[in-house]
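Chains as they are written, first to last, in this note's numbering: chain A, 164 to 500; chain B, 164 to 500; chain C, 164 to 500; chain D, 164 to 500.
Simulated from the structure, these hints should not be mistaken for laboratory data.
Since we're looking at a predicted model, the values are computed, not measured.
Be aware that a few hints might be false.
If chains are identical, the list can't say which one is meant, so a pair holds when it fits in one copy or spans any two.
[Stated by the list, open to error] Calculated lysine-lysine pairs in the BS3-like style (CA-CA distance at most 27 Å, straight line): (1) 183 x 364; (2) 422 x 224; (3) 487 x 311; (4) 358 x 490; (5) 317 x 240; (6) 314 x 339; (7) 358 x 279; (8) 240 x 175; (9) 174 x 278; (10) 190 x 174; (11) 323 x 494; (12) 439 x 358; (13) 339 x 318; (14) 378 x 252; (15) 487 x 185; (16) 439 x 186; (17) 358 x 183; (18) 358 x 185; (19) 183 x 317; (20) 317 x 279; (21) 185 x 490; (22) 257 x 190.
There are 4 protein chains.
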Amino acid sequence: MIIVLRPDATKKQIDHLIEKVKKLGLKPMVSRGVERTIIGVIGEEDVLRVQPLEAFPGVEKVMPILKPYKLVSREFKPENSIVDVEGVKIGGKKIAIMAGPCSVESLEMLMDVGKKVKKSGANILRGGAFKPRSSPYSFQGLGEEGLKFLKDVKKETGMKIVTEVMDTRDVWMVEKYADILQVGARNMQNFNLLKEVGLSKKPVLLKRGMSATIKEFLMSAEYILAAGNFNCILCERGIRTFEDATRFTLDLNAIPLIKQLSHLPVIVDPSHGTGKWDLVSPMAKAAIAAGADGLMIEVHTNPEEAYSDGEQSLVPYRFDVMMKELKAVAKAVGREI
Amino acid sequence: MIIVLRPDATKKQIDHLIEKVKKLGLKPMVSRGVERTIIGVIGEEDVLRVQPLEAFPGVEKVMPILKPYKLVSREFKPENSIVDVEGVKIGGKKIAIMAGPCSVESLEMLMDVGKKVKKSGANILRGGAFKPRSSPYSFQGLGEEGLKFLKDVKKETGMKIVTEVMDTRDVWMVEKYADILQVGARNMQNFNLLKEVGLSKKPVLLKRGMSATIKEFLMSAEYILAAGNFNCILCERGIRTFEDATRFTLDLNAIPLIKQLSHLPVIVDPSHGTGKWDLVSPMAKAAIAAGADGLMIEVHTNPEEAYSDGEQSLVPYRFDVMMKELKAVAKAVGREI
Amino acid sequence: MIIVLRPDATKKQIDHLIEKVKKLGLKPMVSRGVERTIIGVIGEEDVLRVQPLEAFPGVEKVMPILKPYKLVSREFKPENSIVDVEGVKIGGKKIAIMAGPCSVESLEMLMDVGKKVKKSGANILRGGAFKPRSSPYSFQGLGEEGLKFLKDVKKETGMKIVTEVMDTRDVWMVEKYADILQVGARNMQNFNLLKEVGLSKKPVLLKRGMSATIKEFLMSAEYILAAGNFNCILCERGIRTFEDATRFTLDLNAIPLIKQLSHLPVIVDPSHGTGKWDLVSPMAKAAIAAGADGLMIEVHTNPEEAYSDGEQSLVPYRFDVMMKELKAVAKAVGREI
Amino acid sequence: MIIVLRPDATKKQIDHLIEKVKKLGLKPMVSRGVERTIIGVIGEEDVLRVQPLEAFPGVEKVMPILKPYKLVSREFKPENSIVDVEGVKIGGKKIAIMAGPCSVESLEMLMDVGKKVKKSGANILRGGAFKPRSSPYSFQGLGEEGLKFLKDVKKETGMKIVTEVMDTRDVWMVEKYADILQVGARNMQNFNLLKEVGLSKKPVLLKRGMSATIKEFLMSAEYILAAGNFNCILCERGIRTFEDATRFTLDLNAIPLIKQLSHLPVIVDPSHGTGKWDLVSPMAKAAIAAGADGLMIEVHTNPEEAYSDGEQSLVPYRFDVMMKELKAVAKAVGREI
């Protein structure tokens, strides 16, 4: 931790600060420059981080040196983590493909989509039974009935299930059906929900909040690991920027960046990230080229009739075409689908 | 709803779309221009809004005309809503002042701050017993014990209490102590929490999400009103932008804009909005000049020792000075404190 | 300057870096912590700032301590600068009011608007003869003819003239007519233009770029002062954010922030900043309450016929009403109009 | 153009608007809905676009239907444009590789880098002789001397030259040396510069402004084409967002999106876009997978000594490794390097 003092900081203020640092069991190193004094603090930075040092008189700014996350950091665990979802491995050489409709609408439709995406090479079925909708008047999901449909398709196809949980009260019920518990972008800083899924034994897919920095994203993952659940998969799904030609700005820079900072697997959702079905395939290819460990793709047999997000869903035929193209790109970067 | 077709849309595609609109009980009005065809749809736009029209072949874009919120809109209720908090009125001529520490840390400190801000003119006490912290290793709040301290200070000073609830499971417990239930920025789209506080009889203070548009903010308030609770106060608290000299960018434009679109009262939190105590006073004055119905201000007797947000807290003396200045500005715009 | 090394930095890398720092005539102070080593550098930070230290092996990050601007900083000149525009003072107790149409369209209209805003209390006439338009097919301004019209209205009303210059080739021609040379938001980092107006003896009004941080804004002003022109006025005019309900997000936080960091006067343009005429008045009041030294307001006698920006222009009557309200707010914060 | 009226618009206001539309030679189509009236306008939308319709009483909002750009649009020219730079074709099957130092620093260094990147497969040499620097105290480029060095390296290696021009006064001088005139991100809306390079016969590389929407980016390109120069190459180089872990957020979504909207070739600059050399290679691969027609990469033999941007430059060895990887990705998506 570096504490930079104002040019006009008094000796008394500086001494007061040094005293404070010492009282916390840390060692201050004072450098008096021509223009101002800085105090470097050696020792466990965490003790200091929770102190409102910028509120001290005479302090101009405080600069942390160490990263605030620990368990998710690559320094804590240098090798890549591989999350095992009943045999489907996420984070290894093979790229995981999660596909399915935005919402679970009916068993028939889900079974149809499930069989088709399975055939094209997907190994995990996505589908929301609880839907976070910006309007209270929009379809809110089928609830537990939808989870049952997911289970039925799993039984038939062997695909694993990833589905969203939105409420701390629902975690244990959803866990009975899901193979991966998804925490959505709007709940990325719903810290109680993070703690609750952190207690589960099921892997968690954590989506990046639409205005979350990479650091905040990793801090939210830290909540899950700190609660005991190390099976955490991170998902980039687009951030909010001034650009309005796409629904969000899918931030592929996040992939190599997170790979440097953390050992956790990273997947990408180009369907929500762009909001346009005709951008899904090029961005999916780009995601794999940038090093993503998996993809989450919305597929619907009849997007015109979808209860939600029809405009960003692929029809099964286009999904199939895309999967072939993805295989070539994966191979080019030493991966497999 | 206006549906703009691609220049190359075929007659068959257009007919298919017209058919769809009619099937929904709406009336399409087709205008064939030189460059392209557009279809205007008359009738209840909501029926159409949930349809993924952009997924239809031949469609270039879909432009809604009506606003997606109803109960919160000024069209629904032309006059200003006044929320009555046990006699303290928010939204009328008098400006409400909420003040207190970021977190409830101890009864002693809370009582001290409470008495002081009361004396300076604050009428509502703020203080978090449940704290959303980006790090799992930071102080998470005292929980129910903190709520009891708030109640104690209320008994002594007569101030009303506003405090945050973060978890659907806690709503009914927090409601026993709070006079206003606060939903924080990070939970603005925690829709289950919105529904739950919408069932309460206590007023709700809804903070704007850090990347929420005004439209989304109003849609979240719509959840609360749609659940039956019309006592909703909106709070601008800073949005996330590229600017890093302040913690957030406090968006005062939101005040006159929301006043045009909605009948709900709007208050401003310049402490979180700027993240710097020395910007709080000028931005508080600006908020009142722009038409805010209230302010929420962090005050701490010893910011250096604050468990959270010390760098943005005012000491009671500065709060007192600011209150005097605010009174002059309020008077200049025909309001009172 | 603080150089933070990677945890795995080798002794050789550290020595290499120390050598580099010494060779530049600076004094490295090495602190070896448990987790990593940091090097503090005492001396003229500027020498180091231009070095790509992050490219050195073993370096994790480099944190500057001092601000990169000098002449514009409050440390360089503690008291407020007052820019004198032929007797109209900007930056003192009296608030400067610049008003007029977006574009100069005709002498008749300009004279009409000029006389009316003068009567309401404006002392500087704004009006663009060179217009930066996003479309090549939009009206691009009257050029030198427009400047002559401005001069004519000055002769008649005594108002001073502020007008934009867009091209280095035009600076000396525009200077013959203008009392204040305006550099627009889109040219805030047109460094050659900054250097050119820096050579002028006329005051410069520099508008903040729509994605410029406060630091970058001040760095651009530094170009003007470094070229010899200390008569520089800064203008906040809205930044680009995700919010699309307003044309830009007028960032009033910039006012008190710049006041802390710099001695230069700061004015606000709520017309461009919001893009909506009905937000101009509340945001103008807020700007003054926050400490602005002046306002720039678009006024048009017939916004329906305006060649540009009609939707954000006030009619003279509304401008007059606003001016009365502004006077009350100015008085409340110890200023005058 | 769709004009949406306020619910309370009077008959007189509506008639006034209809009259206005007719006077402009356009045909209004009035639809009176239950909640409000809308007016669709058939005919040349451009006539209307320049009218400030939102300033008319009774108007709530105005929604353009057609795109404001013409010559750059794919509707104007359905097939891809291929820009021919003395035989090097940009926009065809073969991907163009532009590489070199950020700034031209010396002939020796430039020659060294030029020969090395040529050997690895680059065919266009980049290097700035005029540098837009945020600080007036930073190295500003060698000017015409730097251009001569570029020409020398061209003579020796056969590589074509791309270099930035910042000032309208310099266009014709720079044109004598450059094969491609680069307009930088900070000048994307320096409309006079766009007009000037539009008069040149040399191809123009237009970089996206850091806060420019895709629409504004295309509008700026429209300036160049409208002036007569159809040899325009677009370059995505990162946009400004709240994320601070990278220098900018490289927006790869722009590639497929621009490809849909325009016939112009699109290249990507991952060096400036990320600001970190270790993100360049993954993002370069992703750019090609997403459909980019070329790349612009900073390479420096000794980044530690670079006059600018050392932290984002690759050393020639890493550039060579990357080129091999890029070839595999290009092949996987049906392209060549």
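Broken hints, by number: 1, 3, 4, 5, 7, 9, 12, 15, 17, 18, 19, 21 and 22
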